[in-house]
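> This is what each chain is made of:
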Amino acid sequence: MLKLEIITPDRKVLSTETPWVTVPGEMGELGVLPQHLPLLTTLESGVLQYEQSGKPVKMAIHYGYASIIDDKVTVLSEMVEQGGHIDIERAKKAELKAREEIQRLLAKQDEENHRMNKYEAKLKRALIRQQASGN
Amino acid sequence: MATLRDIKRRIDSVRNTRQITSAMKMVSTAKLNRAQNQVRAAQPYSEELRSMVTSISSGLTADDHQLFQSPEGGSSVVMLFTSDRGLCGAFNTALCKNLERHVAANRETFPDLEIITIGRTGNDYFKKRGFKIRRSVLYAKPDERKLHIKDLIEELNGAFISGEVGRLFLAYNHFNNPISQEPRVTQLLPIAPPKATGVAGEEKAKDQPATARELIFEPSREHILDLLLPRYMENQCFLAHLNTEAGEHGARMVAMDGATRNAGDMIERLTLQYNRVRQAAITKELIEIVNGAQAI
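Just so you know, the protein sequences line up as chains A and B, in that order.
All letters in the first sequence, in the order written, are residues 448 to 582 by this note's numbering.
All letters in the second sequence, in the order written, are residues 737 to 1032 by this note's numbering.
Hints in this document: simulated from the structure, not taken from any laboratory.
Remember, predicted model here, so these are calculated numbers, not experimental data.
All C-beta atoms in this analysis are idealised placements derived from N, C-alpha and C, irrespective of residue type, glycine included.
Some clues are possibly wrong.
Said to hold, decoys possible - Pairwise CB distance ranges (calculated):
id	chain 1	residue 1	chain 2	residue 2	range
1	B	A798	A	S492	49 to 57 Å
2	B	A798	A	E548	27 to 35 Å
3	A	Y566	B	T797	49 to 57 Å
4	B	T797	A	M474	53 to 61 Å
Unchecked claim - Straight-line C-alpha distance at most 25 Å; calculated BS3-like pairs for lysine-lysine:
id	chain 1	residue 1	chain 2	residue 2
5	A	K459	B	K886
6	A	K450	A	K555
7	A	K571	A	K544
8	A	K459	B	K833
9	B	K767	A	K459
10	B	K863	B	K833
11	A	K569	A	K555
12	B	K833	B	K868
13	A	K459	B	K863
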């Protein structure tokens, strides 16, 4: 069995035993079983999974660190959300809003690029005219 | 001599004050409870973080990371954590005085001192005494404070690496228990170089099951250090903030308890005086009546 602890700056979120756990390591998903070599890794934003009474449990992790020392997995993260507690409607709304905003900004960027090109061309023409008007 | 009415008025006023102080005490007790729980809840994270930093940096020397090296020159910065509000006994003054004395006694450790004040009372104290205030965070809500701290650490790390700032200290009241806080000045930057070097380090390596020697780092030790050290500093500041919060409420609770008790004593004394004056007046009137009756 592995000992799994998940801790955020303001509380201990979880302390349990589990036969396996997977963490979203920065170098890719990392599965941990007992007898793992001691390891320290940074975590990406991703999903952590472990098994509790025969069923896999999921958690959302937003960056952090994990250390695996002597069959003890310690996860430190500034933000952790238990899968069951996540408001999926809210998450979907947030996704929609973020996508819209990105679209809007991209469109704005396009427009600005367009104007930039236009004025660059104008500038070039004006400079050439000045050169040509001399003699 | 005070008339009956004067004394009566005095008693009422003291009674009002007592009501206020006892209400403030109760509010502080409730807030203290919450703050204390927060301090306790923050313990595991900071302990794990510290042990991670220790195991990652064991075997490293000061040259291995920028934040370990103490640069030549540069100013020194103290982050001072005090409360925004007063009426909490010697809580803030003790810390400010302690810091001022400490700085005066170790002038060479604090060249070109700049202070970052978090909390109004500390800001007032050092501003009045003509210290250079680099930045101040006043009347911030707890979660705003967290963000401020994050920004400050980022800024200070940049200033440290560029050589503008040579040292960074934290000054705060450590929360021992509700009735005792201890002023502390600790060094944050350069981060104290890891101790595990030489013979002592090897001994330590035997005690600890996993040291840097056997640890695998993903993606790399440097990368993890780069990310971990600022977090570590933030956490230290966050702890200082929590300790200050809990200490403030503890100190206010004690101060208000004392004030309430003093007000009670005062009411007792005034009541005694009031009764005495009243008795004297009655006796005087009686004598006058008796004398008047005899005269007839």
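> List in ascending order the numbers of the hints, as given earlier, that are violated by the structure.
Result: hints 1, 2, 4, 6, 7, 8, 13 break, sorted rising.
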